[in-house]
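So for the sequence shown, the UniProt record's numbering puts the first residue at 1; every next one is plus one.
Please keep in mind that the hints were generated in silico from the structure rather than gathered at the bench. Everything hinted at is true.
Quick list of in silico lysine-lysine cross-link-like pairs, DSSO-like style, CA-CA up to 30 Å:
no.	residue 1	residue 2
1	K56	K76
2	K56	K88
3	K16	K62
4	K76	K88
5	K4	K16
6	K22	K4
7	K62	K88
8	K76	K22
9	K56	K4
10	K4	K62
11	K16	K88
12	K62	K13
13	K205	K219
14	K88	K142
15	K138	K88
16	K22	K62
17	K16	K76
18	K88	K13
19	K88	K22
20	K138	K4
21	K4	K76
22	K13	K56
23	K88	K4
24	K76	K13
25	K62	K76
26	K56	K22
27	K56	K16
Estimated spans, in silico, between C-beta atoms of each pair:
no.	residue 1	residue 2	range
28	P31	S172	29 to 39 Å
29	P106	T174	19 to 29 Å
30	A108	P31	22 to 32 Å
31	T87	K142	23 to 33 Å
32	Q74	P106	14 to 24 Å
33	L168	Q55	30 to 40 Å
34	A190	G222	44 to 54 Å
35	N51	K142	50 to 60 Å
36	P106	K22	34 to 44 Å
37	T192	I73	56 to 66 Å
Positions of the beta carbon are idealized from the N, C-alpha and C atoms, including for glycine.
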Amino acid sequence: MTSKLEPFLLLAKSLKGAAAAKLIVDATSAPSVFVFSELLELPNIQELANNEAHQKSFALLKLFAYRTYQDYIQNKDAYPALNAAQTKKLKHLSIVTLASERRLLPYADLLRELDMPNVRELEDLIIDAIYLDILRGKLDQKEAQLEVEYTMGRDLAPGQLESVLAALRNWSETTASVLQTLDAKLAAVATTAVERRNRAAAHEKALQAALREASERAKERGGGRGGRTLGGVGNMSSSGYFGDAMDVDEPGAVMGRDGQENVKGKGRKPAPPDLKPQRKRNRV
Numbered sequence: 001m002t003s004k005l006e007p008f009l010l011l012a013k014s015l016k017g018a019a020a021a022k023l024i025v026d027a028t029s030a031p032s033v034f035v036f037s038e039l040l041e042l043p044n045i046q047e048l049a050n051n052e053a054h055q056k057s058f059a060l061l062k063l064f065a066y067r068t069y070q071d072y073i074q075n076k077d078a079y080p081a082l083n084a085a086q087t088k089k090l091k092h093l094s095i096v097t098l099a100s101e102r103r104l105l106p107y108a109d110l111l112r113e114l115d116m117p118n119v120r121e122l123e124d125l126i127i128d129a130i131y132l133d134i135l136r137g138k139l140d141q142k143e144a145q146l147e148v149e150y151t152m153g154r155d156l157a158p159g160q161l162e163s164v165l166a167a168l169r170n171w172s173e174t175t176a177s178v179l180q181t182l183d184a185k186l187a188a189v190a191t192t193a194v195e196r197r198n199r200a201a202a203h204e205k206a207l208q209a210a211l212r213e214a215s216e217r218a219k220e221r222g223g224g225r226g227g228r229t230l231g232g233v234g235n236m237s238s239s240g241y242f243g244d245a246m247d248v249d250e251p252g253a254v255m256g257r258d259g260q261e262n263v264k265g266k267g268r269k270p271a272p273p274d275l276k277p278q279r280k281r282n283r284v
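Model the full assembly from the supplied sequences, consistent with the hints where possible.
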């Protein structure tokens, strides 16, 4: 935005008195010029402050540099009358000042500060400022307020630099404190996560050890049962149940009462079967 002021700066270096005062009116009426500190610092512009005929023009330049529409309303006699372009621009700059102090600007406050007749004209003024890119925000018609997202920087008034630096230092300290708190919380979260992982790993290790031990015990119990079974079979074999051949009695052998073979029947041939044909009876 300083580049928009450049033509006026070049002209101002060679102008004095009434011509310099006229240049101030032109600069404050120009639609795209919103910063004036460089123009205000020029020696021949500073001379207007000591010229009774042009003191109001110098005051007008300071008004647009860092003051608001309410300053103009409350001290109209200290300034020359504003034209329509100057009035609109000063209201735009006043919105920027208010927006730099608060993020939410109620319509009621803006109507009062800018001396606007109705909400419709106020919203049109805000929309113009947004198109000029001196602020960004949203019109919340439901809540009747302006939600500020961004504002341009205005020129600093004398003595305001110290307060800005103090605010920046306070902001820096607050930010450092917040970051320190966040770092501590992040460290605590990380420590908790590590402890949780360690507990989970220890639990998993103990579980796997218990499972291995249970598996080994099961194998030992299964192996013991198989050994006893095979041992039983071996005992049976060694005792003669399976190892000794069974004695088979010869045909015709007769066992006595005491289990001895009956010798009388030994060597005898078995009686031949009865081959005598049987007669069949005729049925009557």
